[in-house]
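Novice: Sequence:
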Amino acid sequence: MAVTTLTTSFSKLLSPATTAATKTTSTLSSKLSFPFKTYSPKLSTTKPFSTITAAISTGDKLPDATLSYLDAANDVKTITISDLTKSKKTILFAVPGAFTPTCSQKHLPGFIAKASELKSKGVDTIACISVNDVFVMKAWKESLGVNDDDVLLLSDGNLEFTKAIGSELDLSDKPVGLGVRSRRYALLAEDGVVKVMNLEEGGAFTNSGAEDMLNVL
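Going by this note's numbering, the first residue of the sequence shown is number 154, and it counts up by one from there.
These are computed hints drawn from the structure, not numbers from a lab.
There could be a bad hint or two in this list.
Said to hold, decoys possible - Straight-line alpha carbon distances no greater than 30 Å define the calculated DSS-like cross-link-like pairs of lysine-lysine that follow:
#	residue 1	residue 2
1	K239	K316
2	K241	K327
3	K272	K214
4	K242	K259
5	K327	K272
6	K294	K274
7	K274	K230
8	K348	K239
9	K214	K242
10	K242	K327
11	K348	K214
12	K272	K259
13	K348	K327
14	K274	K327
15	K348	K274
16	K241	K291
17	K294	K259
18	K239	K294
19	K230	K241
20	K242	K316
21	K294	K242
22	K272	K294
23	K316	K291
24	K294	K241
25	K316	K241
26	K316	K214
27	K348	K316
28	K291	K214
29	K239	K274
30	K259	K327
31	K272	K230
32	K316	K294
33	K230	K214
Produce the entire structure from the sequences given, and follow the hints as far as they go.
Specialist: Okay, structure coming up:
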């Protein structure tokens with residue numbers, strides 16, 4: 154039994170008196186019968202995985218919604234998803250937040266840098282959507298020197314479009330105060346129909362960049 158094996162193995166390390174006591178324990182233990190069975194749990198070798206889903210997918214018609222922005226005179230203007238996509242090839246990409254590191258350093262700058270190349274491949278409109286107010290979006294635009302001819306920066310401050318496509322990202326448990334935002338994604342729509350939908354896990358940045366869109370055009 155396990156007790157006998159263990160005590161026998163350690164007996165060589167013990168003093169003679171202790172060894173004698175151990176032998177007595179081994180003798181007694183060998184006469185005992187334990188009603189317990191040894192249980193060795195079988196661990197699954199299958200790795201867990203998560204499926205990223207949204208209410209919208211390839212082949213679906215984009216739901217209409219109203220987005221907003223500030224014009225040069227700081228007047229609030231609105232534009233609909235239909236305006237952006239009807240009879241056009243359009244890239245819409247979303248970021249969790251203006252001025253946040255990945256969004257400001259990689260995601261948006263990537264589309265600014267590749268705007269001309271994307272449009273040379275037939276894209277009519279490129280728009281960045283974020284759950285921020287119009288004032289924040291304009292300040293972000295100005296801080297990065299974004300030209301409207303390259304990328305439109307649009308506010309979905311009330312999550313109208315974000316909720317309609319099921320891409321909400323609840324960050325209310327984080328101490329930075331972001332609340333509910335949008336997951337990061339990039340989609341390609343032709344005449345309002347989704348042709349490509351690259352939705353990220355939370356705020357990750359792996360397949361929703363400008364290069365990813367160039368690869369599917």
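Novice: Would you mind marking each hint as holding or not holding in the structure?
Specialist: Now for the hints, and whether the structure bears them out:
Taking the CA atoms of K239 and K316, the gap is near 21 Å; set against the 30 Å cutoff, the hint holds. With a C-alpha separation of about 38 Å, the suggested pairing of K241 with K327 is violated against the 30 Å cut-off. Restraint check for K272 and K214: satisfied, since their Cα atoms lie roughly 22 Å apart, inside the 30 Å limit. For the given pair, K242 sits about 23 Å from K259 by alpha-carbon distance, which is consistent with the 30 Å threshold.
Proximity of K327 to K272 is assessed by CA-CA distance (about 38 Å); at most 30 Å being required, the pair is judged violated. Our distance criterion of 30 Å between C-alpha atoms is met by K294 and K274, whose separation comes to about 25 Å. This hinted pair checks out: K274 and K230 have alpha carbons roughly 29 Å apart, not beyond 30 Å. Restraint check for K348 and K239: the C-alpha separation of about 14 Å stays at or below 30 Å, so the hint holds.
Restraint check for K214 and K242: satisfied, since their Cα atoms lie roughly 13 Å apart, inside the 30 Å limit. For the given pair, K242 sits about 36 Å from K327 by alpha-carbon distance, which is inconsistent with the 30 Å threshold. For a cut-off of 30 Å, the pair hint linking K348 to K214 stands: about 10 Å separates their Cα positions. For the proposed pair K272 and K259, the alpha carbon gap of about 19 Å is at most 30 Å, so the pair holds.
A threshold of 30 Å between alpha carbons decides the hint, and for K348 with K327 the separation of about 33 Å lies outside it, so the pair is violated. Straight-line distance between C-alpha atoms of K274 and K327 comes to about 40 Å, which puts the hinted pair past the 30 Å bound. Taking the CA atoms of K348 and K274, the gap is about 15 Å. The hint holds against a cut of 30 Å. The straight-line distance between the Cα atoms of K241 and K291 is roughly 25 Å, inside the 30 Å bound, and the hint therefore holds.
About 14 Å separates the Cα atoms of K294 and K259, which keeps this hinted pair within 30 Å; it holds. The straight-line distance between the Cα atoms of K239 and K294 is roughly 25 Å, inside the 30 Å bound, and the hint therefore holds. About 21 Å separates the Cα atoms of K230 and K241, which keeps this hinted pair within 30 Å; it holds. Taking the CA atoms of K242 and K316, the gap is near 23 Å; set against the 30 Å cutoff, the hint holds.
Proposed proximity of K294 and K242 is supported: the alpha carbons are some 23 Å apart, at most 30 Å. Only pairs whose Cα atoms come within 30 Å are accepted, and K272 paired with K294 is accepted, the gap being roughly 20 Å. The suggested pairing of K316 with K291 holds, with an alpha-carbon distance near 23 Å, which does not exceed 30 Å. Using a Cα cut-off of 30 Å, the hinted pair K294 and K241 holds, with the two alpha carbons roughly 24 Å apart.
Simply put, K316 and K241 have alpha-carbon atoms about 23 Å apart, close enough for the 30 Å limit, and the pair holds. Between the alpha carbons of K316 and K214 the distance comes to roughly 15 Å, so the proposed pair stays at or under 30 Å and holds. Between the alpha carbons of K348 and K316 the distance comes to roughly 20 Å, so the proposed pair stays at or under 30 Å and holds. For a cut-off of 30 Å, the pair hint linking K291 to K214 stands: about 29 Å separates their Cα positions.
Between K239 and K274 the CA atoms are separated by roughly 18 Å; this keeps the pair inside 30 Å, and the hint holds. A hinted pair counts as satisfied when its Cα atoms are at most 30 Å apart, and K259 with K327 qualifies at roughly 22 Å. Among the hinted pairs, K272 with K230 is consistent with the structure: their alpha-carbon atoms are about 24 Å apart, no more than 30 Å. Restraint check: the Cα-Cα separation between K316 and K294 comes to about 24 Å, which is no more than 30 Å; the hinted pair holds.
A threshold of 30 Å between alpha carbons decides the hint, and for K230 with K214 the separation of about 24 Å falls inside it, so the pair holds.
In terms of the numbered hints stated before, the structure departs from hints 2, 5, 10, 13, 14, listed from lowest to highest.
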